[in-house]
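Peer 1: These are the residues of each chain, in order.
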Amino acid sequence: MLAKRIIPCLDVRHGKVVKGVNFEGVKDVGDPVACAAEYNRQGADEIVFYDIVASHEGRGTFLDVVRETAKQVFVPLTVGGGISSVADMRETLRAGADKISINSAAVKNPQLISDGAEIFGSQCIVVGIDAKRDGRGGFTVYANGGRIDMHVDLLEWVTEIEQRGAGEICLNSIDTDGVRGGFDLEMLKAVCARVRIPVIASGGAGKLSDFAEVFQETDATAALAASLFHFGELTIPQVKADCRSKGIAMR
Amino acid sequence: MIAVIDYGAGNLFSVCNALTFLGIPHEVTKDAAVLDKADAVILPGVGAFPAAMEALTATGLTDTIIENARKKPLLGICLGMQMLFDRSDEMGDTLGLGLIPGYVSRIPSQRVIIPHMGWNELVITQDCPLLSGLDAPVYTYFVHSYQAFCDDANIVAYCDYDGKVPALVTDGGFVFGAQFHPEKSGEQGLMMLRRFEEMAR
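Which chain is which? The protein sequence lines are A and G, in order. According to my numbering, the first sequence is numbered sequentially starting from 408. According to my numbering, the second sequence is numbered sequentially starting from 109.
Simulated from the structure, these hints should not be mistaken for lab results. Hints may contain errors.
[Said to hold, decoys possible] Footprint (simulated), chain G over chain A, 3 or more residues, beta carbon under 8 angstroms:
no., region
1, 586 to 597
2, 610 to 624
[What the hints assert, rightly or not] Negatives, chain A to chain G, calculated, CB over 12 angstroms:
no., residue
3, N447
4, A461
5, G467
6, A524
7, I526
8, N551
9, V606
10, A629
11, L641
Even for Gly, the Cβ is constructed at its ideal location relative to N, Cα and C.
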């Protein structure tokens, strides 16, 4: 049986993990490679690196982090932030990423999804979405880290993403992100009902039971969290044990 | 030395990273002479079958691969595994290497999410040197939309995805194919690559 995936996300700025990760045994809490290796040891099913600065100047340092991690960590590695062209995709994959995550660039230029899928294969194209309730019973898509309303209907967008050949969707709800009251079950259900590609739940995890809940209540195949794992409030083994005890398949 | 065939496959670097980490000597190559002198051969692969088969054919290595597969271990990974079979109907009908009898077609279930992406548990049905020493449960990382259809005799392990998906296959001799990515399947995946290298000794 296919296991549900637990995915920690590491935000990286200037080659360092933002705010650091509080792990026992990891001396440099800001070292992304050491943090990724620790998540791997804990049983993370995939690891996401997100370049939060995504500046042209910092790109080399960031890709060095990806390159070094890929030499030591042998679970799938997804890389996002600042990828806006086929050339960026190629460079990131060559550095050792298994998947590339595009978000704002895809909303602004949907052809990028098609081009990426065509050239590198659907399996490595993840489209990240930041979405929010539109106040009229629907959801709308935002760009630039949730700052710009693109006036694109979420459900039309996910249909287009699938048709253009993306392999996976990572759905972040702006409404629940940071609130720590659980994943946005309503938004996830709406999206999962629309597409047949895997959907990763993101935004809102605040306690142990939120993970099992998202798998029991929606068809999301993976759940992503950042700060919850970084600050050691919850560990990946704890989350997996809770899910397992509720009958959810875990690696 | 393990020859890793270079025909532009996307997971070539990941495979090499894993071999380097394990300290296994390897050479990325499109040179028939290197294949001939190698102790074993890995055929990586991700993407679409026709384009990959075309790229592999363009290297001029297909006959060399088939000849070498009679006398030394060959491991096809993901699309490289699918290319070991007779044919695939992905985007039309394309011939494969014909090293294992069977064909490749879309995952038939209408009820499951496609691609089959993530960690699935292997159901091991035959002894296989690649799996020796691995403790159950063995979970490996899959990402694919097409699967092999072949005789049970050629299946060493399968996984369940609303149907039987061949996960590790063999011709009964030196040829092995993994639908999953051992290079991305954590410790257990690395152990399989280690076993493969031991077979080559």
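Peer 1: Please check whether the beta-carbon of V606 of chain A is more than 12 angstroms away from every beta-carbon in chain G.
Peer 2: violated, 8 angstroms
Peer 1: Quick one: work out the minimum CB distance from I526 of chain A to chain G and report holds if it exceeds 12 angstroms, violated otherwise.
Peer 2: violated, 9 angstroms
Peer 1: Non-interface claim for A629 of chain A: all C-beta distances to chain G beyond 12 angstroms?
Peer 2: Its Cβ does come within 12 angstroms of chain G, the nearest being 7 angstroms, so this is violated.
Peer 1: Is N447 of chain A truly not at the interface, in the sense that its beta carbon sits beyond 12 angstroms from all beta carbons of chain G?
Peer 2: Nearest chain G Cβ is 7 angstroms from N447 of chain A, so the label is violated.
Peer 1: Confirm or reject the statement that L641 of chain A sits farther than 12 angstroms, beta carbon to beta carbon, from all of chain G.
Peer 2: holds, 20 angstroms
Peer 1: Take a quick look at G467 of chain A and tell me if its Cβ sits farther than 12 angstroms from every Cβ on chain G, holds or violated.
Peer 2: holds, 18 angstroms
Peer 1: According to the definition I'm using, a residue is off the interface if its beta carbon is farther than 12 angstroms from all beta carbons of the partner; does N551 of chain A meet that for chain G?
Peer 2: Given that every Cβ of chain G is farther than 12 angstroms from that of N551 of chain A, nearest at about 28 angstroms, it holds.
Peer 1: If you look at each residue in the region 586 to 597 of chain A, do at least three have a Cβ nearer than 8 angstroms to any Cβ of chain G?
Peer 2: Result for this restraint: violated, n = 0.
Peer 1: Are 3 or more residues of the region 610 to 624 of chain A near chain G, judged by a Cβ distance of less than 8 angstroms?
Peer 2: violated (count 0)
Peer 1: May I ask you to check that A461 of chain A keeps its beta-carbon over 12 angstroms from the closest beta-carbon of chain G?
Peer 2: holds, 23 angstroms
Peer 1: Take a quick look at A524 of chain A and tell me if its Cβ sits farther than 12 angstroms from every Cβ on chain G, holds or violated.
Peer 2: violated, 10 angstroms
Checked against the numbered hints given earlier, the structure breaks hints 1, 2, 3, 6, 7, 9 and 10 and satisfies all the rest.
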